[in-house]
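Modelling step: build the complete structure from the supplied sequences, incorporating the hints.
Number of protein chains: 4
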Amino acid sequence: MLETLISYDLSKLPEEQDIKPHNRWHPDIPMAVTVKPGAEFRLECFDWTGGQIGNNDCADDVRDVDLTKVHYLTGPVGVEGAEPGDLLVVDILDVAPVAEDPWGFNGIFARENGGGLLTEFFPEARKSIWDFKGIYTSSRHIPGVEFEGIMHPGLIGCLPSKELLAEWNKRESGLVATDPDRVPPLATLPYEETALMGQMTGSEAKAAGAEGARTVPPREHGGNCDIKNLSKGSRIYFPVYVKGAGLSVGDLHFSQGDGEITFCGAIEMAGSIELRVQIIKDGVKKYGIKNPVFKPSKVDPKYRDYLIFEGISVDHTGKQFYMDTTVAYQQACLNAIEYMKKFGYTGEQALSILGTAPVEGHISGIVDIPNACATLWLPTEIFDFDMMPNNDGPKILVPEGPDMTKTSDK
Amino acid sequence: MLETLISYDLSKLPEEQDIKPHNRWHPDIPMAVTVKPGAEFRLECFDWTGGQIGNNDCADDVRDVDLTKVHYLTGPVGVEGAEPGDLLVVDILDVAPVAEDPWGFNGIFARENGGGLLTEFFPEARKSIWDFKGIYTSSRHIPGVEFEGIMHPGLIGCLPSKELLAEWNKRESGLVATDPDRVPPLATLPYEETALMGQMTGSEAKAAGAEGARTVPPREHGGNCDIKNLSKGSRIYFPVYVKGAGLSVGDLHFSQGDGEITFCGAIEMAGSIELRVQIIKDGVKKYGIKNPVFKPSKVDPKYRDYLIFEGISVDHTGKQFYMDTTVAYQQACLNAIEYMKKFGYTGEQALSILGTAPVEGHISGIVDIPNACATLWLPTEIFDFDMMPNNDGPKILVPEGPDMTKTSDK
Amino acid sequence: MLETLISYDLSKLPEEQDIKPHNRWHPDIPMAVTVKPGAEFRLECFDWTGGQIGNNDCADDVRDVDLTKVHYLTGPVGVEGAEPGDLLVVDILDVAPVAEDPWGFNGIFARENGGGLLTEFFPEARKSIWDFKGIYTSSRHIPGVEFEGIMHPGLIGCLPSKELLAEWNKRESGLVATDPDRVPPLATLPYEETALMGQMTGSEAKAAGAEGARTVPPREHGGNCDIKNLSKGSRIYFPVYVKGAGLSVGDLHFSQGDGEITFCGAIEMAGSIELRVQIIKDGVKKYGIKNPVFKPSKVDPKYRDYLIFEGISVDHTGKQFYMDTTVAYQQACLNAIEYMKKFGYTGEQALSILGTAPVEGHISGIVDIPNACATLWLPTEIFDFDMMPNNDGPKILVPEGPDMTKTSDK
Amino acid sequence: MLETLISYDLSKLPEEQDIKPHNRWHPDIPMAVTVKPGAEFRLECFDWTGGQIGNNDCADDVRDVDLTKVHYLTGPVGVEGAEPGDLLVVDILDVAPVAEDPWGFNGIFARENGGGLLTEFFPEARKSIWDFKGIYTSSRHIPGVEFEGIMHPGLIGCLPSKELLAEWNKRESGLVATDPDRVPPLATLPYEETALMGQMTGSEAKAAGAEGARTVPPREHGGNCDIKNLSKGSRIYFPVYVKGAGLSVGDLHFSQGDGEITFCGAIEMAGSIELRVQIIKDGVKKYGIKNPVFKPSKVDPKYRDYLIFEGISVDHTGKQFYMDTTVAYQQACLNAIEYMKKFGYTGEQALSILGTAPVEGHISGIVDIPNACATLWLPTEIFDFDMMPNNDGPKILVPEGPDMTKTSDK
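Residue numbers (our numbering), protein chains in the order written: chain A, 1 to 410; chain B, 1 to 410; chain C, 1 to 410; chain D, 1 to 410.
Hint data in this document are derived by calculation from the structure and do not stem from the laboratory. Computed from a predicted structure; not experimentally measured. Possibly wrong hints are sitting among the right ones.
It does not matter which identical chain is used: a pair holds within one copy or between any two.
[Unchecked claim] Derived pair list, reagent style EDC-like, types lysine to aspartate or glutamate, alpha-carbon separation capped at 20 Å:
1) Lys170 to Asp61
2) Lys36 to Glu193
3) Lys395 to Asp282
4) Lys133 to Glu16
5) Lys69 to Asp101
6) Lys170 to Glu124
7) Lys286 to Glu338
8) Lys302 to Asp94
9) Lys133 to Glu40
10) Lys133 to Asp94
11) Lys395 to Asp384
12) Lys342 to Glu381
13) Lys12 to Glu40
Have a look at this one:
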């Protein structure tokens, strides 16, 4: 493996590390390390909750996650010569779990914690634990599935400029203001108390923490995109907004389905990432770049056989929406869950499969008013039984008993 | 090729054919032909406009399309023994253009005609003509691109039951009622005047035409899904709602990008389709099927190299939307268009490429409030020049001059 | 489809056509048609036997094929401006069977007719007929398999120069001279009597026919390579040896396994091919080209799941060969045949599957003395039953009864 | 990572390890460890030379390799319940280099050391060193190429029975006897002096060492197949010949081209492998298995764009061979080397690329007498420049200077 520039002692808290991570976006966060263009290096990463979730059979920790103390990011990595307007070319050379402790978790978030795409149908906290065996993973809580991981960082991007940060804060607080009492709120606004600003200290850190953008949503710089194809073997072109670029990364996933529909989220893990960085001078203007662009990996697992579920923008009550792709994908997911239940899975298990396995979500038809059409591609090869339709009907081959872990009060 | 069950004389109008197509959905439309389970056969199809568009250099016909006279469907094909609750298993054995006249068209719809996903940015009618050379296509209006087609029907499905039709009409008229004066309307409601009801005649046809569902949106039975992966080589499982199933098909595409974002639409063509039909008795209940499910094809063109554009649910004015995947995909499309313009394309040409080439649209992250994240995958191999970012910046290799055809008044 | 430059009346003999094909290679064969660089056009082709094989249930015609009257090639197509030393760039835009009569055949050649790779084990003539249903094929003689075709010409190349022809004749007659009485002979030498030299007539044709190279083996110019991946969608770069290039093509296959091990051969068919031709001036020297080079197609059927058989260069009697890849592949084929027989196939059926389905043959290890190692990749998805090993052992699902057709005297 | 059952101290010699590896095949070698069916575990492995090659710029060590002291295999791993006639199902869960020292080597063997497929053309010892950066590798001795590894063991298989061992020794000594004075010999016969027989000691080890089969060739049990697709993610079914199966593995490769044509060999490395083992009772007979069969991996790097070189069984002097696939592949390799030289590579560099990169070697046509036809598929995406033919001719983009390392006397 490549030289490790930032390493963590995972038995300690994020704020106790020698080189502290950061959990907010702010232009003034100082570079944790600096490299030259062409550098190849390794960074260690916390899991997205900073260690709040345990490898056990109780979902209390998922229910109780403090969402203001998540996304502890490794970095920022400064790149010599990078200036605003450049493109930072990042090759993801590898992503790996912690070698001595190869496991991850997937959680269904309770409604009060934000929920996910299908919170209305699965309102309670649940958890599944996933063991890693080389390139494969399986869960003691969801029998009958095993698959190759498509390892990637859920969150990666460069520091925003002051102007960009201001724009984020303006538009997101504007949204919250449209329904200020909503629980959960429409967006997560700056919150100083739990902000960890990397190597900043004292009043400077306090001031930056008070205006630093939360890490939850993806934004122009990339950030928490949760795009499963930003995987090992991909190449990403990031806009640079501050001198030195300031690349930060975290929220590693062993695998994820398109949409990350359970919210908590993919198969979440601590681990490491290996990167190479290069610069295209003035690339933002040359190529008209607004958000990051990227090339996919050659080593993502390749499936041939999918069962594909359609969904349209009419919800489960029959309510007609106008060209709403989110509703359409929600319906495609529900259709897939109903199908999997016929083979013996509980709804929660089926949901967790959609959140973790390399499921594809396609925007299929988006102009035929009033119905958007989305498709969910479920790779059939992840199951250790034949799950295609046939004349005999589904055989219930999923053993009864194992299920997603509940909270202790259920 | 297989035995042709229904053929058309394309020099005549749809209503002048021996076996008339239909352009509305209604349970009482009589079977045009009937086959046994296991049958393999060929059907001819009109292009989606029924011949309203010409192979010429003027977009007037795109501007003037009468949208109540489209989607002339071949069928219904009755299948012996099929009953409500069964699944009709349909193998698409082949899709082909008219051998003697191998061309198609792509149009950008004017706003007044319904527009597409990006009507706000491209409000005027435009047209490009695509020539087919075996498995490839290219356009005299858009230099620098040539690609393999992914031939498929935009529209395929079984006749609805009376109950299902009633539900469609109820929910869609309900939507229109929320903004009844909108131009264009929020949905297309039944319209008797231009209804062609297959072999029905007289008052019976008039009555059915007055309540028959328009063919525009995809619905539970499939219909106008415009899913590019319902391609030759795929297998589809359709819910059956009436005795004999009544499978109808039309709106053939030589190729389409995910979303069919130009609305008019993909590369549209007249041609033929070869099918095999089988039945899974009581499959709807056995497998919990609501919308069709399908298996993808092994012969869809396989691209390895994509440039992928991200979009988030903040629109071009900076307005923040809440988890709106449609806005996110719109932004990803705009980002791709800006990029292609750097190589010399006009915006309209770039848009047409996104509508016609085998572009993938993914629902990537859909839980990180308030921003949905969508990605548009542009296959780089369709271009006859290198369009990846590099240090030298884009070279303008697209020859000036050729452009999408305009209307005669521009 | 594209403009047809050469068409045949398949109810007549090759020598009765208006534009006669040729069945020998000679520099003096006049161009049948001439096109400009960039031209896109369509050619019709005989099946490789020129119509000697019928769609029936008797293998007499396979046994009795006159091998001096085969490979009737369409062409030569002259390309304006092409000169010796250039590369002719050929895009295969499409390959198709005869639309009105979509079938093909696969034969096992009897030993006296040349046999194939496994003649020792399958010495008698056999035949299977394959029906085409769009992109798929299946055979009434081999139940349980259906697959997508990978359509390609078995034979394509440019006319040789006088010098190259002389070299071919010298080396091949030299080989025959090492064992002149062998039956069958070690190579097929010029044979005037059945030579058809295109548009040449009289004494000129007679003279050319007496020295024209037979079409059986692949040679420097390409020729009868039987490479299944010269398929529709591929691009080939051919060396040019005579002014005008003189591209000829024939021996169309609906599908073939690597090696074409049954000799007669793939799924053989009459049909048509669509081509585009361009020139790279002086390309042979610029790129150091000796044999043709090519790029594969994007639309070849893509399989994910294979069962792969190994073979080493020890034959079935235990005899040790030194680094003989042909023996190794032979063993891999025999291993696959034994495996398939466990599911109910006869040896001849299994052999025919290896000759026709898109089977891959890899040269795996070729340096570990004394054993070469070859692998045969059998796509499992062509079978309509599960043929992977499992604890229950193979279930015989192949219906008894249908078998390869024999000759009338067996 | 999984529990490590056998680990090595690479700073010590193989014979100095606690659990000694073995470098001969013999039924009496005792199990090094024993596991239950279903077990998942990790094994460490020497590089194939047992550490004879250094990460330096001199090829003396390649020239001087002692070939009787290679292939130190980790194992045998006993599997409870496995008996002769069973199939041992082995999942390769992961393959990895030594984390702290991520490099490998590729050597061209001198003729006196056995040479490779092209020894006649490249008779001298050469070496290139390859650095690993996550999933990628590149060499300071061969600029312009970087590629994803396809990690696999070159050598894996179960212990032979007494009978099988006797058969190996008989047939291989028979071959040597046909030309007993040949240098190098036609096969490598048992050689007691340098035999390391695992945990056997004393006279027992001596006796077994005197008859133990050398590890060079692949045989019925698998062994040194050097099949690049026995990669992480593949599943292999091995015949079992002794009680407990006795699975041994070694000779790890970071990457290899089909054929391993340089002999020394692929990109060779020390490292580790993670495995899962299961049993199919009586599987050899049930499925008619002679050599191992396997399923390929889903995570092998997927290339789309190849330049494919043809070769026929006429050698570079024009000599005609009869259906010799080895000669045909040799010619395809030489054709590829000539092509690469046009871009600035030395012949040795080009040869090393063919030996190391994920090059495919296909047996294409093998029945068209007298010429076998083989194809070499060179993935174009491994080059950091465009290497396809075009009108401008090749641009020499490979920097001069770096070359394969020579021996100190050249």
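Hints and how they fare:
{"no.": "1", "hint": "Lys170 to Asp61", "in the structure": "neither (33 Å within a copy, 45 Å between copies)"}
{"no.": "2", "hint": "Lys36 to Glu193", "in the structure": "neither (35 Å within a copy, 53 Å between copies)"}
{"no.": "3", "hint": "Lys395 to Asp282", "in the structure": "between (59 Å within a copy, 15 Å between copies)"}
{"no.": "4", "hint": "Lys133 to Glu16", "in the structure": "neither (31 Å within a copy, 30 Å between copies)"}
{"no.": "5", "hint": "Lys69 to Asp101", "in the structure": "neither (23 Å within a copy, 36 Å between copies)"}
{"no.": "6", "hint": "Lys170 to Glu124", "in the structure": "neither (33 Å within a copy, 34 Å between copies)"}
{"no.": "7", "hint": "Lys286 to Glu338", "in the structure": "between (48 Å within a copy, 11 Å between copies)"}
{"no.": "8", "hint": "Lys302 to Asp94", "in the structure": "both (18 Å within a copy, 17 Å between copies)"}
{"no.": "9", "hint": "Lys133 to Glu40", "in the structure": "between (27 Å within a copy, 8 Å between copies)"}
{"no.": "10", "hint": "Lys133 to Asp94", "in the structure": "both (17 Å within a copy, 8 Å between copies)"}
{"no.": "11", "hint": "Lys395 to Asp384", "in the structure": "both (13 Å within a copy, 19 Å between copies)"}
{"no.": "12", "hint": "Lys342 to Glu381", "in the structure": "within (17 Å within a copy, 25 Å between copies)"}
{"no.": "13", "hint": "Lys12 to Glu40", "in the structure": "neither (27 Å within a copy, 31 Å between copies)"}
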